[in-house]
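Q: Chain A is fixed; fit chain B onto it per the hints.
Residue numbers (the numbering used here), protein chains in the order written: chain A, 1 to 390; chain B, 1 to 364.
Please note that a few of the clues may not be correct.
Straight line, CA to CA, 16 Å or less: simulated EDC-like cross-link-like pairs of lysine to aspartate or glutamate [unchecked claim]:
{"hint": "1", "chain 1": "B", "residue 1": "158", "chain 2": "B", "residue 2": "126"}
{"hint": "2", "chain 1": "B", "residue 1": "282", "chain 2": "A", "residue 2": "5"}
{"hint": "3", "chain 1": "A", "residue 1": "2", "chain 2": "B", "residue 2": "279"}
{"hint": "4", "chain 1": "A", "residue 1": "162", "chain 2": "A", "residue 2": "272"}
{"hint": "5", "chain 1": "A", "residue 1": "138", "chain 2": "A", "residue 2": "87"}
{"hint": "6", "chain 1": "A", "residue 1": "2", "chain 2": "B", "residue 2": "286"}
{"hint": "7", "chain 1": "B", "residue 1": "282", "chain 2": "A", "residue 2": "346"}
{"hint": "8", "chain 1": "B", "residue 1": "167", "chain 2": "B", "residue 2": "127"}
{"hint": "9", "chain 1": "B", "residue 1": "158", "chain 2": "B", "residue 2": "62"}
{"hint": "10", "chain 1": "A", "residue 1": "50", "chain 2": "B", "residue 2": "353"}
{"hint": "11", "chain 1": "A", "residue 1": "107", "chain 2": "A", "residue 2": "289"}
{"hint": "12", "chain 1": "B", "residue 1": "158", "chain 2": "B", "residue 2": "185"}
{"hint": "13", "chain 1": "B", "residue 1": "273", "chain 2": "A", "residue 2": "11"}
{"hint": "14", "chain 1": "A", "residue 1": "50", "chain 2": "B", "residue 2": "286"}
{"hint": "15", "chain 1": "A", "residue 1": "106", "chain 2": "A", "residue 2": "80"}
{"hint": "16", "chain 1": "A", "residue 1": "106", "chain 2": "A", "residue 2": "317"}
{"hint": "17", "chain 1": "B", "residue 1": "158", "chain 2": "B", "residue 2": "291"}
{"hint": "18", "chain 1": "A", "residue 1": "106", "chain 2": "A", "residue 2": "314"}
{"hint": "19", "chain 1": "A", "residue 1": "133", "chain 2": "A", "residue 2": "87"}
{"hint": "20", "chain 1": "A", "residue 1": "50", "chain 2": "B", "residue 2": "220"}
{"hint": "21", "chain 1": "A", "residue 1": "107", "chain 2": "A", "residue 2": "317"}
{"hint": "22", "chain 1": "A", "residue 1": "50", "chain 2": "B", "residue 2": "271"}
{"hint": "23", "chain 1": "B", "residue 1": "167", "chain 2": "B", "residue 2": "142"}
{"hint": "24", "chain 1": "B", "residue 1": "273", "chain 2": "A", "residue 2": "346"}
{"hint": "25", "chain 1": "B", "residue 1": "167", "chain 2": "B", "residue 2": "88"}
{"hint": "26", "chain 1": "A", "residue 1": "2", "chain 2": "B", "residue 2": "280"}
{"hint": "27", "chain 1": "B", "residue 1": "158", "chain 2": "B", "residue 2": "42"}
{"hint": "28", "chain 1": "B", "residue 1": "273", "chain 2": "A", "residue 2": "6"}
{"hint": "29", "chain 1": "B", "residue 1": "273", "chain 2": "A", "residue 2": "9"}
Label pairs and their computed distance ranges (CB to CB) [unchecked claim]:
{"hint": "30", "chain 1": "B", "residue 1": "287", "chain 2": "A", "residue 2": "347", "range": "22 to 32 Å"}
{"hint": "31", "chain 1": "A", "residue 1": "12", "chain 2": "B", "residue 2": "286", "range": "44 to 54 Å"}
{"hint": "32", "chain 1": "A", "residue 1": "111", "chain 2": "B", "residue 2": "84", "range": "17 to 27 Å"}
{"hint": "33", "chain 1": "A", "residue 1": "36", "chain 2": "B", "residue 2": "82", "range": "35 to 45 Å"}
Computed far set for chain A versus chain B, every beta-carbon distance over 10 Å [claimed, not checked]:
{"hint": "34", "residue": "134"}
{"hint": "35", "residue": "207"}
{"hint": "36", "residue": "296"}
By construction, these hints were calculated from the structure, which means they are not laboratory data.
Where is the CB? At the ideal position from N, CA and C, for every residue including glycine.
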Amino acid sequence: MKYVDEFRDPDKARALLRVIEGLVADIEICRRRPLQIMEVCGGHTHSIFKYGLETLLPEAIEFVHGPGCPVCVLPMGRVDDGLVLAEHPGVIFTTFGDAMRVPGSKKSLLQAKAEGADVRMVYSPLDALGIAKANPGKEVVFFALGFETTMPSTAMTILQAKRERIANFSVFCNHITIIPTIRAILDSPELTLDGFLGPGHVSMVIGTAPYRFICHHYRKPLVVAGFEPLDILQSIWMLLRQLAEGRCEVENQYRRVVADTGNDPALRAVQEVFELREFFEWRGLGSIDHSGVRIRDAYAAFDAERRFSVPNLEIADPKSCQCGEVLKGMIKPRQCKVFGRACTPETPLGALMVSSEGACAAYYNYAGVQLGKARGQRSEPARGRARGMS
Amino acid sequence: MSVDAKPQPQAVRPEGVRRRRGRLRDTRITLSHGGGGKAMRDLIDDVFVGGFDNALLASLDDQARIPLAELAACGDRLAFTTDSYVVDPLFFPGADIGALAVNGTVNDLAVGGARPLFLSCSVILEEGLEVATLRRVVRSMEAAAAAAGVAVVTGDTKVVPRGSADKLFINTAGIGVIRAGLELDPSAVRAGDVILVNGLLGDHGAAVLNARCDLALQSDIASDCQALNGLIDTLLEACPAVRCLRDATRGGAATVLNEFALACGLCLHIEEKALPIREEVKGLCEILGLDPLYLANEGKLVAVVPADGADTALAAMRSHPAGREAVRIGAVRATPPATVVMATFFGGERIVDMLVGEQLPRIC
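Extracted from the complex, chain A is given alone in its bound form (with noise of 0.2 Å):
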């Protein structure tokens, strides 16, 4: 695939993998302990899984799977604020297709709609719209989720379906926002991170500036990186040379996508429509205050949560669960109690397995082989590494 491919040459990864061997020699914290790297986004840990990165890359170099998958982190309570929007008599209620699995705390849109709710699975927020202009009749709800990448999508929508006078149309908003979630990470006092790759397409929108506060504040070097293997790549050697000069800046490896300014209509519709909620439940984090955002009063004919009565259900994870230990790197997924054995993809139990793109769900689906495991043997506590590229 042109385009595509280019990102994915396995001559220029060897080639960078030797040059980062290279630096990790030169990194004074690795000679006492592994250098841990957290990607804050999903993305980059269903990349780094999908093409084996973690095997490659030299055993000095740990990855810590941060908070940036909206599905995972969408709390059990929004979920089911959500099923009973869906199970509202007359309402055909539109999500994305990863959201459909997402359990609640008795069961996912995928089962509300086997019952016989009217769920929909669209690719954007403007399908929902075209659906409501095309059921007069129904009321459409749109499930929106996702970090400033999706945001600027629903904003749009918003100000178009009030432009075309749509009035069967509302957003059960679940946006969330990084910047908050990445600061509560970093004061956390166990924390022992030494970087960050930055999440590439929230970049896109917000632009490189709003991290300044990590290397300012914390002290920690971070660099916005692609999605390709090549792009996680050249951002692991680029975040090592900081380390290896004493540097501590935001760089931004993925400038074919990322301006440093970001995408100013995208983050002007996005202020037009949305304002910042006190706080904002995060499965496997808790609350974070700052960290979602809600549809402003002049839009509130477009809020769903203030069209319909939505309960506004406060679930408590399971006690079993780990993932605010595996988001902060303390532990990794196969040392959480519950991984593999009443947590897996088919009954995910903690928000890491819900999607493709959690950490626990990758470590799942992909991992294992470097171990030399068998299948239901995955939930050892061990860490195989160092095969080489054949």
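A: Below, chain B without anything else, positioned relative to chain A:
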């Protein structure tokens, strides 16, 4: 004491008057077409008997009567299978539900080493279906059956009220005969064996996904729907030592490989760079966050053959139109047990596991 049975009086058609084949004049299916009366008779006569046109079906008995001798001449065991087809949309680039219903069942027989011979065809029609649509589907079934060398010899028609079914469902059962002595069995797979596929993977799944038209993507991807019995004949003739075959339908090649791995308890090791996948299919999957290895095929099989027969098997497959793009995608290793492992294009390795539910597009 025996009583001679008296001949019963019979209503006899006047000499010289033969029952004329019914003609269907309606443009839409109504509940009366399933009512058992003349309307149903006309539908069966005109659309099905006229379409499939063979003596076994034309007798319109409640069963097709197949001489055992005819079956025994083909092998020593009967293969019997059934499959239901509910695809939406009914017609999509490259094929339709009719071709699918014939080829799917033919292939299910053929991958067991059977020569497919006879099919049944049961249809469930939704009230309101256009008769022209049904005719088009039956014509397609007929063409597929002729191409595969099988006959549709018995069938059934039901009509359900509007909303109780989606337009048209088809069930086909099939009978074939397995060649004497042939035992295709994935548990016979050994380390060192070679894994082959007969061509491009994922076309059918991608074509149907695209035809559901909510993506508004333009592409020329067409379903690969085809019968595989001819190809399998050629392959088995050239390489009778084939360990096992399976058609990679729902769940794609990844699912078949996993089924084989579980059956033999070995590692099926494949090379990503060897996988034959069309650029357009890769692109579609890239956009939607899907994995082409899990996309359905309707004319593709995975074959495991002993290493010393691999070149012969591959050459034989390539000599047949249904296997022109056959390639070797990997080999069987001892460890890790019961696992499918893929060497990625990039140089790493990863597990290719069974799919949990259906593949769902990712959010971002």
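Q: For residue 107 (chain A) and residue 317 (chain A), compute the direct alpha-carbon distance and say whether it is at most 16 Å.
A: holds, 15 Å
Q: Hey, residue 106 (chain A) versus residue 317 (chain A), does the alpha-carbon distance stay inside 16 Å?
A: OK: residue 106 (chain A) and residue 317 (chain A) at ~13 Å, within 16 Å.
Q: Is 17 to 27 Å respected by the C-beta to C-beta distance linking residue 111 (chain A) and residue 84 (chain B)?
A: holds, 23 Å
Q: Regarding the pair residue 273 (chain B) and residue 346 (chain A), is the alpha-carbon distance no greater than 16 Å?
A: violated, 30 Å
Q: Given the proposed pairing of residue 158 (chain B) with residue 62 (chain B), does the C-alpha separation stay at or below 16 Å?
A: Holds, because 15 Å separates the two Cα atoms, which is no more than 16 Å.
Q: Keeping to a limit of 16 Å between CA atoms, is the pair of residue 50 (chain A) and residue 353 (chain B) held or broken?
A: holds, 12 Å
Q: Residue 2 (chain A) and residue 286 (chain B): Cα distance at most 16 Å?
A: Holds. Residue 2 (chain A) to residue 286 (chain B) sits at ~12 Å (cutoff 16 Å).
Q: Does residue 280 (chain B) sit within 16 Å of residue 2 (chain A), going by the straight-line distance between their CA atoms?
A: holds, 11 Å
Q: Tell me if the beta carbons of residue 36 (chain A) and residue 82 (chain B) are separated by a distance inside 35 to 45 Å.
A: violated, 55 Å
Q: Does the no-contact call for residue 134 (chain A) survive, Cβ to all of chain B over 10 Å?
A: Residue 134 (chain A) is indeed farther than 10 Å from all Cβ atoms of chain B, at 12 Å.
Q: Assess, step by step, whether the Cα of residue 138 (chain A) is no farther than 16 Å from the Cα of residue 87 (chain A), and give holds or violated.
A: holds, 13 Å
Q: With the threshold set at 16 Å, check whether the alpha-carbon distance from residue 2 (chain A) to residue 279 (chain B) stays at or below it.
A: Holds, at roughly 9 Å.
In summary, the structure is inconsistent with hints 7, 11, 12, 17, 19, 20, 23, 24, 31, 33 from the numbered list given earlier, while agreeing with the others.
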